[in-house]
Amino acid sequence: MGEVIVITSGKGGVGKTTTTANIGTGLAKLGKSVVLIDTDIGLRNLDVVMGLENRIVYNLVDVIEGTCRINQALIKDKRTPNLYLLPSAQTKDKTAVSPEQMKKLADELRENFDYILMDCPAGIEQGFKNAIAGATRALIVTTPEMSAVRDADRIIGLLEAAEMEKTELIVNRIRPDMVKREEMLSSEDVVDVLRIDLIGVVPDDENIVISTNKGEPLVGSDTMAGKAYLNICKRIMGEEVPWLDLYHKDGIMSKFASIFKKKN
Amino acid sequence: MFFDNFFKKKSSGSVAKDRLKLVLVTDRANCSPDLMEQMKKDIIDVISKYVEIDLKGLDIKITQTESGEGNGSVPALIANIPISEMKVKNS
Numbered sequence: 001m002g003e004v005i006v007i008t009s010g011k012g013g014v015g016k017t018t019t020t021a022n023i024g025t026g027l028a029k030l031g032k033s034v035v036l037i038d039t040d041i042g043l044r045n046l047d048v049v050m051g052l053e054n055r056i057v058y059n060l061v062d063v064i065e066g067t068c069r070i071n072q073a074l075i076k077d078k079r080t081p082n083l084y085l086l087p088s089a090q091t092k093d094k095t096a097v098s099p100e101q102m103k104k105l106a107d108e109l110r111e112n113f114d115y116i117l118m119d120c121p122a123g124i125e126q127g128f129k130n131a132i133a134g135a136t137r138a139l140i141v142t143t144p145e146m147s148a149v150r151d152a153d154r155i156i157g158l159l160e161a162a163e164m165e166k167t168e169l170i171v172n173r174i175r176p177d178m179v180k181r182e183e184m185l186s187s188e189d190v191v192d193v194l195r196i197d198l199i200g201v202v203p204d205d206e207n208i209v210i211s212t213n214k215g216e217p218l219v220g221s222d223t224m225a226g227k228a229y230l231n232i233c234k235r236i237m238g239e240e241v242p243w244l245d246l247y248h249k250d251g252i253m254s255k256f257a258s259i260f261k262k263k264n
Numbered sequence: 001m002f003f004d005n006f007f008k009k010k011s012s013g014s015v016a017k018d019r020l021k022l023v024l025v026t027d028r029a030n031c032s033p034d035l036m037e038q039m040k041k042d043i044i045d046v047i048s049k050y051v052e053i054d055l056k057g058l059d060i061k062i063t064q065t066e067s068g069e070g071n072g073s074v075p076a077l078i079a080n081i082p083i084s085e086m087k088v089k090n091s
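Chains W and P are the protein sequences, given in the same order.
Counting in the numbering used here, the first sequence runs from 1 upward without gaps.
Counting in the numbering used here, the second sequence runs from 1 upward without gaps.
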């Protein structure tokens, strides 16, 4: 039986969809079978981040309404085997689906896949309730900003009330240079305030923008964000992985080292 | 920036953390800062009847604590009230 994980945040624009795409791709690269579900009905996004926007025939609402079978709507990833996307509908709204229907769908998918990832819409209304309905584990994405952390705290409260079995935190878009100058909340600060388990810290990395431009998740690549996302995938699978040294790059010695490396 | 450092001003990171803690406390407890102030004042009034309080060292706040039944954290009122002098009871 597979595990259903919801990726949520409360606040919009903190990187839920990018996180879903990268974790999903990473888990598949590590040999797991994965389905990504875009639950943001009316505002389809995950397909673009995955680079699969031209392959959509059926969507989530079609599956729920019985217009097609699940297998007809699942889009196979271009590069990674055992990775599928169930895209959201662009023309319907959130009321087209109920939490009960989402739970039933998740339970069906659990029988054939190792991981089902739900990309949750921003907010705490119907779309949020749909996305968490079938999940037993939640990853909360936040950035080191007050507004995002505050919304994350709200979400944690709601997930507790909904009796989510496991809730873990991803701090996204950390800028190590700013944290060092104490001009940005550190991941430790955020954990201290929210008091939940940390499963990943992803640095602010321009490669994310580049990878989204191309529609190719960068998980596993030789970039800071790519490494951070792969570590999160391993931790999801239960592996103990040491934390990335995000501050390493700024050291004088390592700067010299990197100059030296380039020459070789 | 330079002057901020020069005068050892509090970094914006720690300002954010302090503000965030305060806002989350009131969010979680559904308790406004006004209500908190009022409660603080009343607590001080009552205790001052019996002992002399060191107002500078006073710290009253709502935080999270593990609930006795082991089902996650619940809000708790924590008061740290240093006593400067025990009042002599004139009964």
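Since the hints were made in silico from the structure, they are not lab data.
All values reported here derive from a predicted model rather than from experimental measurement.
Among these hints, one or two may not hold up.
Stated by the list, open to error - In silico DSBU-like links for lysine-lysine, alpha-carbon gap of 30 Å or less:
hint, chain 1, residue 1, chain 2, residue 2
1, W, K76, W, K180
2, W, K11, P, K10
3, P, K9, W, K180
4, W, K166, P, K10
5, P, K21, W, K129
Here is how each hint holds up against the structure:
1. Under the criterion of a C-alpha separation no larger than 30 Å, the hint pairing W/K76 with W/K180 is inconsistent with the structure, at around 42 Å.
2. Simply put, W/K11 and P/K10 have alpha-carbon atoms about 27 Å apart, close enough for the 30 Å limit, and the pair holds.
3. Between P/K9 and W/K180 the CA atoms are separated by roughly 16 Å; this keeps the pair inside 30 Å, and the hint holds.
4. About 36 Å separates the Cα atoms of W/K166 and P/K10, which puts this hinted pair outside 30 Å; it is violated.
5. With a C-alpha separation of about 27 Å, the suggested pairing of P/K21 with W/K129 holds against the 30 Å cut-off.
Violated hints, in rising order: 1 and 4; the structure is consistent with all others.
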